[in-house]
Amino acid sequence: MKILKLILKNSLRHKLRSLLTAVGIAMAILAFGLLRTIIDAYFFGVEASSDTRLITRNAVSLTFPLPLAYKDKIAEIPGVSNVSYGNWFGATYIDPKNFFAQFAVEPESFLQLYPEFIIPPDEKEAFLRERNSCIVGRKLADKHGWKVGDTFRLTGTIFPGDWDFVIRGIYDGRDKATDETTMYFHWQYVDERMNATSPGRAGQVGVYYIAVEDANAVAGVSAAVDATFDNSQDETKTETEKEFQLSFVSMVGTIVTSVRIISVVVIAIILLVMANTMAMTARERISEYAVLKTLGFMPKHLVGLIFGESTAIALAGGLLGIGITLMAVKRFGIFLTENLGSFFPVFEISATTITLATVAAVSVGVIAAIFPAIRAVKMPIADGLRQID
Amino acid sequence: MSAALVEIQEVSKSYRRGSQTIPVLQGITLLVPPGEFLALMGPSGSGKTTLLNLIAGIDKPDSGGIVVSGTDIVSLSESQLAAWRARHIGFVFQFYNLMPVLTAYENVELPLLLTSLSRQERKKHVETALDIVGLADRMQHYPNQLSGGQEQRVAIARAVVTDPTLIVADEPTGDLDKESAGEILTLLERLNSEFEKTIIMVTHDPRAADQAHVTRHFDKGVLEELNRDASSAD
Ligand SMILES: Nc1ncnc2c1ncn2[C@@H]1O[C@H](COP(=O)(O)OP(=O)(O)OP(=O)(O)O)[C@@H](O)[C@H]1O
Ligand SMILES: [Mg+2]
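Heads up: the protein sequence lines correspond to chains A and B, in order. Using our numbering, you'd call the opening residue of the first sequence number -4 and step up by one each time. Using our numbering, you'd call the opening residue of the second sequence number 227 and step up by one each time.
Chain A extracted, bound-state conformation:
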């Protein structure tokens, strides 16, 4: 018989109490794991974005357009290797709940700038040729059961009217973080209709995508672009793609902060649950600890017993929680990437989160044992023995 066996037997003594405590910890770890995974997923898209690509938009706001004429001026700026442009289209496919991102882009330069969209050469060829064709991401295609050659109609909101498209290509992401839920089509298709129906809105561009030759020149090029359009009618704001993405993320920064705080609060709650269990346990065991001391067991033995029991329960709960989290993240992840893939391209539990959850569970076990251990060690034997009567 070893001390370890005694620890194990003690932990299983009040099976229901230990079980409830462990399940409580498991639930908290689940909440902790999910919250952290959501935050991770949110920032993953940012991580994946390039910092050698620049995005130029109207300095006033993203909703104000820029003239198409800027394209050639930008292309002339030293250090710029390629320029493309596009518009957020924002139309509805049958029902608003089918939301997915659509961009009207200049297709040839756009695909050069975004090599992470992998598309078979023949499909690319067909897409570039046909004015009303589009390409869609693999996940988006899967969701709606689309195949190459299928047609569908969008109902415009920003650009009114019915818009018919034929799918000429389905792209795959080069990296896991590459978004596969977006539709890209010809800017020209929109511009032609605008020319005919509301000429004032023709020749307008939402953002310019700029490729920079040398990563070190990014800051200089960015400043040069904005300087070029200083004091013109439409001043520009140029950022790296990463900064551009982050400006969206920081809009919800307070939410992210709250989620972080909640995940810490969750850990504090399980600490209270665990501390309560250990305090109850220690109170019941006072006379047993006194007997052990009488037999010659030292403070270190009692400390080992108490910490061992506490961490055993906490760790069991923690591991159970991590197990549930892994399953939940998997199922939830499938749902998220199918429905909100452009915000959560990747939804996976990170090694850091697993480590943190384990550390949190073990720390909770250790911290909850501190006071009971001190109490057991300090308690005079004679007083402890008297407790039985």
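Since the hints were derived computationally from the structure, they do not count as laboratory data. Be careful, since some hints might not be right.
[Claimed, not checked] Selected chain B positions facing chain A (Cβ under 8 angstroms, derived; list incomplete):
| hint | residue |
| --- | --- |
| 1 | S305 |
| 2 | A308 |
| 3 | A312 |
| 4 | F317 |
| 5 | N323 |
| 6 | M325 |
| 7 | L328 |
C-beta atoms are modelled at their ideal positions from N, C-alpha and C, and glycine is treated no differently.
Model the placement of chain B with the ligands on the given structure of chain A, informed by the hints.
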């Protein structure tokens, strides 16, 4: 009588309750020779348990000296005392105080875990001790599967398994029916006569006191004069 196993000289002990000081033992002097089976009797609250705790090194006197088997235990530190208790004292409590999660075998093995004995040696000792108390066939039983008398016998096996110098028992039959109490007393008597264990036993039970060689009466923290049982010889 110069070679007493337990020498208690002028021991006093009081407890503090709030601002009040309650004297419990007042200048107790007691010599216990080796091989003695001593019964301490007295009314509730007279300080019997307190004295036993002092002798066994789980509490310290306010003044006076306690020497057990040549060791001045008053001067030992907490951890020295713990090691000393493990080697020299066997304890028997009124409520047995077995670990409920451990089997009879594991309960008896408990004090041996503090020694350097191998698993095999421990097994031999535990089996011998359980054999002495007549529970060799109950080794794998848990305390709640045993009767009170059997539990107390396991506790006695736990007290003797380390072959201690002195066995202290605080009302070992206090929670038992007559028959079981008789068995426990017979067992203690046998440990004393056959295995030459020195035993100091606190009891309320006159029958228990009869079993001992010597009975000392306690009242209000003072020991009454020696009253040696005529039937027992030295
Ligand atoms: N830790 C303590 N704090 C305060 N008072 C105590 C403490 N321990 C014992 N006493 C008091 O000391 C006195 C003697 O107690 P003790 O337990 O030694 O008596 P006892 O003779 O063993 O009694 P009983 O026959 O009821 O077991 C009692 O009045 C008791 O209340
Ligand atoms: Mg008592």
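request  = For the hint on B/M325, just tell me whether its beta-carbon gets within less than 8 angstroms of chain A.
outcome  = Holds. Min distance 6 angstroms.
query = Can the hint on B/A312 be confirmed by a CB-to-CB distance to chain A that is less than 8 angstroms?
reply = B/A312 check passes; min Cβ-Cβ to chain A is 3 angstroms, inside 8 angstroms.
Status of the B/A308 interface restraint (C-beta, 8 angstroms, chain A) = 5 angstroms, holds
request  = Verify the interface restraint on B/N323: the C-beta must sit less than 8 angstroms from at least one C-beta of chain A.
outcome  = With a minimum Cβ separation of about 5 angstroms from chain A (threshold 8 angstroms), the hint on B/N323 holds.
query = Given B/S305 was flagged as interface, is its beta-carbon under 8 angstroms from a beta-carbon of chain A?
reply = Check passed: Cβ of B/S305 comes within 6 angstroms of chain A, closer than 8 angstroms.
inquiry  = Under 8 angstroms is the threshold here; is the Cβ of B/F317 close enough to any Cβ of chain A for the hint to stand?
reply    = Given a least distance of 6 angstroms, the restraint on B/F317 holds.
ask   = Should the hint that B/L328 touches chain A count as held when the rule is a Cβ pair under 8 angstroms?
value = 7 angstroms, holds
Checked against the numbered hints listed earlier, the structure breaks none of them; every hint is satisfied.
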